[in-house]
Each structure stands twice: as C-alpha cells, then as structure tokens.
Amino acid sequence: NAGVTQTPKFQVLKTGQSMTLQCAQDMNHEYMSWYRQDPGMGLRLIHYSVGAGITDQGEVPNGYNVSRSTTEDFPLRLLSAAPSQTSVYFCASSEQGAVGGYTFGSGTRLTVV
Amino acid sequence: DQQVKQNSPSLSVQEGRISILNCDYTNSMFDYFLWYKKYPAEGPTFLISISSIKDKNEDGRFTVFLNKSAKHLSLHIVPSQPGDSAVYFCAASARNDKLIFGTGTRLQVFP
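Just so you know, the sequences run in chain order A and B. The numbers in the working numbering rise by one with no breaks, and the one at position 109 of the first sequence is 109. The numbers in the working numbering rise by one with no breaks, and the one at position 29 of the second sequence is 29.
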C-alpha cells in the first residue's frame with residue numbers, strides 16, 4: 001500500500017516552461033487536493049476534486065490546471081511557469097473528505113528560474 | 001483573505017510542560033476542524049479533529065478545544081516531548097467541502 005505518491009520529488013524549470021506534477025493514490029479515495037506551501041503562507045489550496053470527472057478551484061488556482069480522469073490520478077499542470085510558482089507542492093487524498101482527514105504525499109519541491 | 005489564522009509563528013516549550021497552539025477563523029460556516037503536524041521534508045500528517053457540535057476532543061496527550069462564539073480553537077499537548085517539535089497546522093472545512101489551512105506554528109520542545 002503506497003498511499004499518496006508524488007513525482008518528481010524535485011524539479012527545476014525555466015520561466016515559461018510547462019510541466020505536470022504527478023499524483024497517484026492507491027486507496028480508492030474519492031477526494032483529492034493540491035496544495036502549495038510557502039514560507040509564512042502556510043498551505044494554500046490550489047485545486048481539488050470530489051471524484052473522477054469533477055474538479056473545482058481552491059484559493060490560488062491561477063496558473064494551474066487539473067483534470068481527474070480516474071479515481072487514482074490527479075495531475076497538476078503548470079501552463080507557463082513563473083518564479084512566483086517556486087514552492088513545495090503537496091497532493092492529498094481522503095475517503096470521506098475533510099471529515100475523514102486527508103493523507104498527504106511527501107511533496108514536490110519546484111524551483112522556477 | 002486568510003480564513004484560518006495562526007498568529008504565533010513559533011512557540012518554544014520545555015519538555016514535560018504544556019504546549020498550547022492557537023488558531024482563529026473567520027468563516028462562520030466552518031463546521032469541522034483538524035490539526036496536522038509536519039516534519040521537515042515530509043507531508044503533513046493528521047493529528048486530531050473536532051466537529052462544531054463539540055467543544056472538546058481528546059486523544060492521548062492531545063486535546064483540541066473549540067470556542068465557536070469566539071471562532072477560536074486550540075491544541076493542547078501535555079506533556080510535551082522533544083519528538084513533538086514540528087510545524088502544526090490547523091485546518092477547517094464547511095459542509096465537508098475543501099479543507100482550508102492556516103499559516104502554521106513551529107513548536108520547539110527543549111530538554
């Protein structure tokens with residue numbers, strides 16, 4: 001049982017490049033979310049999903065796209081990377097939503113130069 | 001606008017004493033609250049939660065108190081141990097919708 005798996009663990013991008021952060025969970029959880037962690041800002045919600053085919057915006061969605069074609073996967077796409085997107089990104093999943101508590105992956109550290 | 005606020009960025013407590021971490025929220029629709037603990041280079045891990053129909057929930061050394069009228073919750077750790085040194089985040093949700101986190105408090109427990 002791997003839990004929530006995020007890849008890659010580290011990534012350096014040039015401004016303007018695009019990339020996809022991968023997130024997969026093997027717990028058959030319906031709820032999945034993406035957060036970014038920045039110093040002094042805590043964890044901020046980017047996008048979330050309550051099931052396959054359903055996504056919604058969080059607190060800071062600009063510059064990011066998501067899709068949820070399967071229950072297991074919830075990739076986060078950076079369309080045109082900017083230095084302001086330098087951050088640590090966490091993916092999380094839950095069986096019951098907030099009430100059940102979310103399980104987090106170990107994070108992806110992204111640097112945009 | 002930050003809906004969940006942790007106004008103390010850091011807290012230092014002696015081993016064996018009580019640690020009290022505070023959290024305030026502005027959205028009166030929040031009805032479920034959680035505390036997460038985070039070590040460096042790891043994802044947050046769930047610690048304890050409380051529903052708005054309760055004012056206290058206890059799990060071993062950890063107790064969460066909720067004051068709905070003040071829109072305030074706190075996490076008490078008794079007794080504090082060096083392994084409790086981490087960043088603690090409070091989080092809140094309305095109607096089991098998206099989970100909104102605070103800015104975190106770094107707890108250091110010293111011998």
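In case anyone wonders, no lab produced these hints; they're calculated from the structure. Incorrect hints may appear among the rest.
Straight-line alpha carbon distances no greater than 30 Å define the calculated DSBU-like cross-link-like pairs of lysine-lysine that follow [to be verified]:
id: 1; chain 1: B; residue 1: Lys54; chain 2: B; residue 2: Lys37
id: 2; chain 1: B; residue 1: Lys5; chain 2: B; residue 2: Lys37
id: 3; chain 1: B; residue 1: Lys71; chain 2: B; residue 2: Lys54
id: 4; chain 1: B; residue 1: Lys56; chain 2: B; residue 2: Lys5
id: 5; chain 1: A; residue 1: Lys9; chain 2: B; residue 2: Lys68
id: 6; chain 1: B; residue 1: Lys54; chain 2: A; residue 2: Lys9
id: 7; chain 1: B; residue 1: Lys37; chain 2: B; residue 2: Lys98
id: 8; chain 1: A; residue 1: Lys9; chain 2: B; residue 2: Lys56
id: 9; chain 1: B; residue 1: Lys37; chain 2: B; residue 2: Lys68
Keep in mind it's a predicted model, so treat the numbers as computed, not measured.
Comparing the hints with the structure gives:
{"no.": "1", "hint": "Lys54/B - Lys37/B", "verdict": "22 Å, holds"}
{"no.": "2", "hint": "Lys5/B - Lys37/B", "verdict": "16 Å, holds"}
{"no.": "3", "hint": "Lys71/B - Lys54/B", "verdict": "13 Å, holds"}
{"no.": "4", "hint": "Lys56/B - Lys5/B", "verdict": "20 Å, holds"}
{"no.": "5", "hint": "Lys9/A - Lys68/B", "verdict": "39 Å, violated"}
{"no.": "6", "hint": "Lys54/B - Lys9/A", "verdict": "39 Å, violated"}
{"no.": "7", "hint": "Lys37/B - Lys98/B", "verdict": "19 Å, holds"}
{"no.": "8", "hint": "Lys9/A - Lys56/B", "verdict": "38 Å, violated"}
{"no.": "9", "hint": "Lys37/B - Lys68/B", "verdict": "23 Å, holds"}
In terms of the numbered hints stated before, the structure departs from hints 5, 6, 8, listed from lowest to highest.
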